[in-house]
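S.K.: Now for the letters of each chain:
Protein chains: 2
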Amino acid sequence: MKGFKFAGICAGIKKKGGKDLGLIYCEKPASAAALFTRNKVMAAPVLLGKEKIQKGFCQAVLVNSGNANCFTGEKGIDDATTCSKLVGDCLDIGEDLVLVSSTGVIGANLPMDKFEAGIPKIVKHISFEGMDDFSDAILTTDTHRKIIKQSGEIGNKIFSIMGIAKGSGMIRPDMATMLAFICTDVDISSQELKICLSAANEKSFNRITIDGDTSTNDTLLALANASSEVQINDIDSKIIFQNALDEVCFQLAKMVVKDGEGATKFVQIIVKGAQTKQDAFKASEAIAHSNLVKTAIYGEDPNWGRITAAAGRSGAQVVPEKMDLFFNDQPLVLKGNWMGADAEKKTARIMKKNEIIITLDLNLGKETDHFFFCDLSVDYVKINADYRT
Amino acid sequence: MKGFKFAGICAGIKKKGGKDLGLIYCEKPASAAALFTRNKVMAAPVLLGKEKIQKGFCQAVLVNSGNANCFTGEKGIDDATTCSKLVGDCLDIGEDLVLVSSTGVIGANLPMDKFEAGIPKIVKHISFEGMDDFSDAILTTDTHRKIIKQSGEIGNKIFSIMGIAKGSGMIRPDMATMLAFICTDVDISSQELKICLSAANEKSFNRITIDGDTSTNDTLLALANASSEVQINDIDSKIIFQNALDEVCFQLAKMVVKDGEGATKFVQIIVKGAQTKQDAFKASEAIAHSNLVKTAIYGEDPNWGRITAAAGRSGAQVVPEKMDLFFNDQPLVLKGNWMGADAEKKTARIMKKNEIIITLDLNLGKETDHFFFCDLSVDYVKINADYRT
Numbered sequence: 000m001k002g003f004k005f006a007g008i009c010a011g012i013k014k015k016g017g018k019d020l021g022l023i024y025c026e027k028p029a030s031a032a033a034l035f036t037r038n039k040v041m042a043a044p045v046l047l048g049k050e051k052i053q054k055g056f057c058q059a060v061l062v063n064s065g066n067a068n069c070f071t072g073e074k075g076i077d078d079a080t081t082c083s084k085l086v087g088d089c090l091d092i093g094e095d096l097v098l099v100s101s102t103g104v105i106g107a108n109l110p111m112d113k114f115e116a117g118i119p120k121i122v123k124h125i126s127f128e129g130m131d132d133f134s135d136a137i138l139t140t141d142t143h144r145k146i147i148k149q150s151g152e153i154g155n156k157i158f159s160i161m162g163i164a165k166g167s168g169m170i171r172p173d174m175a176t177m178l179a180f181i182c183t184d185v186d187i188s189s190q191e192l193k194i195c196l197s198a199a200n201e202k203s204f205n206r207i208t209i210d211g212d213t214s215t216n217d218t219l220l221a222l223a224n225a226s227s228e229v230q231i232n233d234i235d236s237k238i239i240f241q242n243a244l245d246e247v248c249f250q251l252a253k254m255v256v257k258d259g260e261g262a263t264k265f266v267q268i269i270v271k272g273a274q275t276k277q278d279a280f281k282a283s284e285a286i287a288h289s290n291l292v293k294t295a296i297y298g299e300d301p302n303w304g305r306i307t308a309a310a311g312r313s314g315a316q317v318v319p320e321k322m323d324l325f326f327n328d329q330p331l332v333l334k335g336n337w338m339g340a341d342a343e344k345k346t347a348r349i350m351k352k353n354e355i356i357i358t359l360d361l362n363l364g365k366e367t368d369h370f371f372f373c374d375l376s377v378d379y380v381k382i383n384a385d386y387r388t
Numbered sequence: 000m001k002g003f004k005f006a007g008i009c010a011g012i013k014k015k016g017g018k019d020l021g022l023i024y025c026e027k028p029a030s031a032a033a034l035f036t037r038n039k040v041m042a043a044p045v046l047l048g049k050e051k052i053q054k055g056f057c058q059a060v061l062v063n064s065g066n067a068n069c070f071t072g073e074k075g076i077d078d079a080t081t082c083s084k085l086v087g088d089c090l091d092i093g094e095d096l097v098l099v100s101s102t103g104v105i106g107a108n109l110p111m112d113k114f115e116a117g118i119p120k121i122v123k124h125i126s127f128e129g130m131d132d133f134s135d136a137i138l139t140t141d142t143h144r145k146i147i148k149q150s151g152e153i154g155n156k157i158f159s160i161m162g163i164a165k166g167s168g169m170i171r172p173d174m175a176t177m178l179a180f181i182c183t184d185v186d187i188s189s190q191e192l193k194i195c196l197s198a199a200n201e202k203s204f205n206r207i208t209i210d211g212d213t214s215t216n217d218t219l220l221a222l223a224n225a226s227s228e229v230q231i232n233d234i235d236s237k238i239i240f241q242n243a244l245d246e247v248c249f250q251l252a253k254m255v256v257k258d259g260e261g262a263t264k265f266v267q268i269i270v271k272g273a274q275t276k277q278d279a280f281k282a283s284e285a286i287a288h289s290n291l292v293k294t295a296i297y298g299e300d301p302n303w304g305r306i307t308a309a310a311g312r313s314g315a316q317v318v319p320e321k322m323d324l325f326f327n328d329q330p331l332v333l334k335g336n337w338m339g340a341d342a343e344k345k346t347a348r349i350m351k352k353n354e355i356i357i358t359l360d361l362n363l364g365k366e367t368d369h370f371f372f373c374d375l376s377v378d379y380v381k382i383n384a385d386y387r388t
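Residue numbers (numbering that gives the first Met the number 0), protein chains in the order written: chain A, 0 to 388; chain B, 0 to 388.
Next comes chain A alone, as it looks inside the complex (with noise of 0.2 Å):
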């Protein structure tokens, strides 16, 4: 996308080696948005970036894997401010054009000798070419890179939205969830482009689980350079970017479910017929947070009782007689009747693909919610046992 130039190199801060410090340049400052965890325990990064995005510019990203610079106090605000100068040395931008974010092992100091060593090398690598190889370098337990690009019209001229994301296990729907950086060539405000962001979020990363665990680090940051000349000014203009943006978060918010920790299967729920939306939330919530409905989606069991078990502790209003429960089409469970041993044969059947949706319909009023969440799998348990080892 003309204005934007990305890299990715190895810079000695993983453990395990491998792509581990990514940047991300534009030409001329962008306007910016962003948004970060709600946990009140927050990464170094996040506390600086928070502070300079009210400026609503930025210019340059830097973002390490391997180390989350979280949980180190004054010293971990200094060595994220340390890194920002560099990267405004190295690029001859101000140190206020430029956000750094991290992600990796919480309570650790950044090995600044790498990143002294690092930033120089990085900002020889920036190409129009280097998404990839930027991808690859936010990565941690992620299996693959996440990259979406998504295009549009808006009066005769085109506008191209791309999202990079990096998350696979600490995620839970409550702000940005993970690491995602969009970039996009439209010319849009600062202001405008944090509503549409936070309206895309909320469609999106705010909707999925894998493990009920909210990072130190989440940052879902939006950079627009307005080299496609496109202007999102007017309602119209402003639906198609909408829709635009919706669709690369929630591609991306998709990627990082199904990449989830030791996650073999992709699950949406919906939850139909609620008499509130907050019940509508609370029941898909504890759903796709169930431990009980996790493990037996791993053992590939339509296992109905613990569905509607969920629901029913979740604090929202349910009548069992009243409810119906599908996976995919089938039904297995009609105003609170199973529907015998045939219907759970298909259900189980259908239990064997990747992809599965399960509607409960409450049957006590109009509202509606959804989540998408992964199973829990011997894996989920062995990689987060020994991540730090």
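Honestly, the hints are just simulated from the structure, not real lab data.
Among the clues, some could well be false.
Identical copies go unnamed one by one, so any copy, or any two together, can satisfy a pair.
[Said to hold, decoys possible] Calculated cross-link-like contacts (lysine to aspartate or glutamate; reagent style EDC-like; alpha-carbon spacing at most 16 Å):
| no. | residue 1 | residue 2 |
| --- | --- | --- |
| 1 | Lys84 | Asp233 |
| 2 | Lys381 | Asp300 |
| 3 | Lys344 | Glu299 |
| 4 | Lys352 | Asp77 |
| 5 | Lys156 | Asp341 |
| 6 | Lys54 | Asp88 |
Assemble chain B onto chain A, guided by the hints.
M.R.: This is chain B only, laid out in the frame that chain A set:
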């Protein structure tokens, strides 16, 4: 204990075989109090029990494992009623003095032929020594029986309390959280018994978690038959009885967590120095439920980043720079600073123990709370992926 008889037999309800039908019989009607699940999807025996307990008296309790009689609609209520009538007929007591309780798979009807054959048989087996058989008959994925006996003295007279519980999965702190039956020979009104039981529950069963899922069948029932002639009618006797009851419930709750599905570690998280009671509860609950914390404990990793991050997302007021974190007596974080490799090494040795106390001091106030929980292991996933097959 004088006046209480028990039995446990194989009635053919459990697929895997073994004892699955239990009976408690009081020679005369006992004062009775009970607490039930708060899950809105309630099993038939819970719905029935909630009504019957209003009367404050009970003379027999029939408990089966292998089938929860939950999500079984009108048929489930009819079946539970038929069971109590059969028990009443065979014991020659009023059906209104019989409670029933079930645990096992959700969503299947009770195999009534097994109950019709089993109830006349079990009534013949009741004896003063039958508590081990009863205890075995109510287990599901538990690996061993859970019985606690406690005695006390009031006015030169000895009283006793015996508690029998089952529970190792679908355990979270929201009311009773499993099946537990308390028999005591004190003379106490059902109203007073309910007050004592609620207080004991709050400190024990409401402070344990295995997997965060509240069961549909949770029942904590206490029966007092007055056979010791120890009256609980003044403040002194109430304190002594409450202490003994607290101890029985606490020991049973501890046994349930220790026998948690796949559990290899028994952990207490204490949150101190919180600004409010609610904050102390929220932070300790979030830590005890975090899959990332639980898998780290399984991996014997003192992963303090995950513990402090879970507190950070709990909604409690926390300031990272004020936090102290201890594993047993070993500090690993003081005022937000990691204490270094030597402290980490000592902590890693503590993590190899079977029982660990983790203390998080928020240093913001005077409130404290705690939870008992277990780790999340590969076996937990295997047990719950295969439960119905």
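S.K.: As a check of your reading, is Lys84 near Asp233 (CA-CA no more than 16 Å) within one copy, between copies, both or neither?
M.R.: neither (38 Å within a copy, 73 Å between copies)
S.K.: When no copy is named, should Lys352 and Asp77 be tagged within, between, both, or neither for a Cα gap of at most 16 Å?
M.R.: neither (49 Å within a copy, 38 Å between copies)
S.K.: Give the relationship of Lys381 and Asp300 under a CA distance limit of 16 Å: within one copy only, between copies only, both, or neither.
M.R.: between (22 Å within a copy, 12 Å between copies)
S.K.: Could you place Lys344 and Glu299 in one of the four classes (within, between, both, neither) given a Cα distance threshold of 16 Å?
M.R.: Classified as within; 12 Å inside a copy, 41 Å across copies.
S.K.: Please sort Lys156 with Asp341 into within, between, both or neither, judging by C-alpha distance up to 16 Å.
M.R.: Classified as neither; 55 Å inside a copy, 62 Å across copies.
S.K.: When no copy is specified for Lys54 and Asp88, does a C-alpha distance of 16 Å or less occur within a copy, between copies, both, or neither?
M.R.: neither (20 Å within a copy, 80 Å between copies)
In summary, the structure is inconsistent with hints 1, 4, 5, 6 from the numbered list given earlier, while agreeing with the others.
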